[in-house]
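Enquirer: Those protein sequence lines, which keep their order, are chains A and B.
My numbering numbers the first residue of the first sequence as 144 and each following residue consecutively.
My numbering numbers the first residue of the second sequence as 1327 and each following residue consecutively.
By construction, these hints were calculated from the structure, which means they are not laboratory data.
No residue lacks a Cβ here, since even glycine has one placed at the ideal position from N, Cα and C.
Errors might be hidden in some of the hints.
[As the list claims (entries may be wrong)] Label-pair restraints from in silico Cβ distances:
#: 1; chain 1: B; residue 1: 1512; chain 2: A; residue 2: 484; range: 58 to 64 Å
#: 2; chain 1: B; residue 1: 1561; chain 2: A; residue 2: 266; range: 49 to 55 Å
#: 3; chain 1: B; residue 1: 1694; chain 2: A; residue 2: 159; range: 53 to 59 Å
#: 4; chain 1: A; residue 1: 199; chain 2: B; residue 2: 1512; range: 29 to 35 Å
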Amino acid sequence: MAECSVFIDGKAALVPTGTTILQAAGAVGISIPTLCHHPNLPPIGVCRLCIVDVEVGDFHKQVAACHAEVQDGMTVRTATPELERARRFALELQVADHPSECLDGETGEPCELRDLARRYGVTKRRFMEDETRYPLDESSPVVTIDLNRCILCRRCTRACSLVQGQDILWIMGRGDESRVSPALSLPLRDTACVSCGQCLAHCPTGAIRDKRPLRPPVRPEAVVTSVCPYCGCGCQLDLNVSGEQILRVTSNFDGPANRGSLCAKGRFGYHFVDSPDRLTRPRIRRDGRWEEASWDEALDLVATRLREIRDRHGPDALAVLSSAKATNEENYLIQKFARAVLGTNNVDHCARL
Amino acid sequence: MAYEKILTRYRDLPNYTGTIDEYITQGGYQALPKALREFQPADLIEIVKRSGLRGRGGAGFPCGVKWGFTPKDSPKPKYLVCNCDESEPGTFKDRMLIEEEPHQLIEGLIISSYAIGCRLAFIYCRGEFVSGAQVLERALREAYGRGYLGTNILGSGFDLDVHVHRGAGAYICGEETGLLESLEGKRGQPRMKPPFPAISGLYRSPTVVNNVETLSNIPHIVLRGAEWYAGIGPPKSAGPRLFSVSGHVERPGNYELPMSITLRELIFDHAGGIPNGRRLKAVIPGGSSAPVLTEQHLDVPMDFESLAAAGSMGGSGGVIVMDDTVCMVRVGEIVSRFYHHESCGQCTQCREGTAWLHKVLRRIEHGQGRKEDLDLLLDMCDNMKGKTICVLSDAAAMPIESYLKHFREEFEIHIRERACPFEGKGAF
Ligand SMILES: Cc1cc2nc3c(=O)[nH]c(=O)nc-3n(C[C@H](O)[C@H](O)[C@H](O)COP(=O)(O)O)c2cc1C
Ligand code: SF4
Ligand code: SF4
Ligand code: SF4
Ligand code: FES
């Protein structure tokens, strides 16, 4: 692949053709502020924070680093006083109608706008506006849409249409009346939303957030990368934990199988973990009553009964039904067990239902 | 020297209604057979380059150069789209051209399609142009009837179909990539560039977007030659231009003139001067996006270079004349209201900035301005320019900046006196 040699803030970088300026800068350790960019999504260049100064030959322009690709011999300046002034201005406009309690960090939720506003020392001083109050859409069982915190970065709309393929969220209205909404301004519950939470996972501000808020002082103490226990896809996820308690599941965009995507169960269905109803040990029913048993006891009983049934009625009196919660390898083993050990071809799987 | 009209010559003919027979009687549809028989497509691109024709939609980009950007051998079809969205405040010449002389545009469109290798062309017509769109539909039917459109046009083997598409009423659909999105049936919002339409436009295929007036020039260039055309007006701004003159003049209307004409000649000789013996205060020379000029600029010629040197731009050719009863703060309020309403809402600076420009100008006009507002306005304008997906943001900022530059005192009076000094007396 052809390579381009570029200079970014005086540092030389050699990157493949087709690399964006943002990626090239990242490769040499220069971070450019972004809001609408998300590595999981195609760039749309709307927040205009990542604007940088580029020069190639006679061409001198300001371009969006998240979208513009490097060209051989390009000189890039990422933080001239003019650019930093423009960023501060864009941030000022963004915080103008942003809820104060959010900017003050009282919500306990992470927010990329708050972080950037603090970094640039941006306040509501010059642009003071009545904070528009949009009613919350709490109709979904899993997410809250709070347009008061929305910065119109359109990550959610891209996530919903391009990652999830569900096309629920889009921008309604024009100009400063633009807002994120399902078609016809329907409440989320009345749409084909599948409660996957991809919108939430990509939202930088908490405008779309988990319906169950993280309330201080309960804060995640650690983030533990794990694998979703629900099915055999092997989706990676991050468990945000405090002691033994899972506070929240968040996307892990490095997961090779799912790159941050999760289904409603994987993202929101973790409460069974510490449910008092959850079975954690085998039980055997004796005289109509469940009694806890050891694994050895339970497995011996199953093996004995299977052998008895096979000896008395033949192997085809047995059947094996396996589960999508098991991996492919485990499913392979269970059919092998059915055919080679039990001697029957009676094999079926819940995913066929 | 009397100027011989080209694009609007028909206007001097009594009872002319723009039907195909009238157009042909006046020498119409002679350029088309000439183009098809005597020239290869590449020749035509060369001719248009040599003619010096520059786009009349706003940016003044050399037309032939733009055509030349489309790839020679594209596996995808190429498209020509005529931009008839004409929504720039103060501009009303494309509407006249399609309503009164539609075949001039259609002939230009056919020749241009042949030149770039397009088999399917579109006319994107501003939604409000109901009768204009009807005239175009009628004219297209006539052209099909005479074999100027359809398959094997005039036995040349060249095929072309043309569709009229009506917009739904958004200024931003005049921006060429917003237009293409809208034409594809999507939300009218500009695309990021590059790629430019010549490489990836309509349905991600090579596309040329040209203004109505630009295309209307093509038959004349083909018929009378690039050198003839290049000889009209200043060398870098060749050919006739339609100026839509409105506001405080005796005779508002469209004036076809070479771009060597000065503002003074245009306003005083052609448009009859300022009525009621009043004085000229300000003039916007190229549509509402253009920075304002004043009396001191009256001798500036109306070509692209001279207007840029004077701190403004040729833009869309909409000349808005204001006499001394006009309050420039009020003008700012009205102009900023327009851009506030028309921003598509993608870019932060434009979406929020146009709203704030409008808000701050409104409060100054209504006596609630603050001392720091003028510097705030200038800082906003400065930060809104050159940093967005399309130039609507610049178009909103540049005029306001210019009003402050030339009429700062008027803004200061509003703030100091806590009222508009023109209140009740002004033109608006
Ligand atoms: C906000 C905005 C609105 C525009 N509106 C129009 C329009 O109504 N008509 C037009 O011809 N060009 C308009 N333009 C210019 C077009 O983007 C484009 O440059 C033009 O159609 C190209 O044609 P030309 O080269 O023949 O001038 C607009 C540009 C912007 C940024
Ligand atoms: S939860 Fe999933 S389907 Fe529903 S709106 Fe969000 S991304 Fe779209
Ligand atoms: S809801 Fe969140 S992700 Fe969607 S546009 Fe608003 S801030 Fe961006
Ligand atoms: S500059 Fe304004 S109109 Fe143009 S794309 Fe950005 S928000 Fe839309
Ligand atoms: S991150 Fe590039 S424009 Fe938003």
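Enquirer: Would you mind marking each hint as holding or not holding in the structure?
Expert: Cross-check of the supplied hints:
1. 1512/B to 484/A: 58 to 64 Å: The hint (58 to 64 Å, Cβ to Cβ) holds, given that residue 1512/B and residue 484/A are roughly 59 Å apart.
2. 1561/B to 266/A: 49 to 55 Å: 53 Å, holds
3. 1694/B to 159/A: 53 to 59 Å: Between residue 1694/B and residue 159/A, where Cβ atoms are some 56 Å apart, the hint holds.
4. 199/A to 1512/B: 29 to 35 Å: For residue 199/A and residue 1512/B the Cβ distance comes to about 31 Å; the hint holds.
Every hint, counting from the list given before, is met by this structure.
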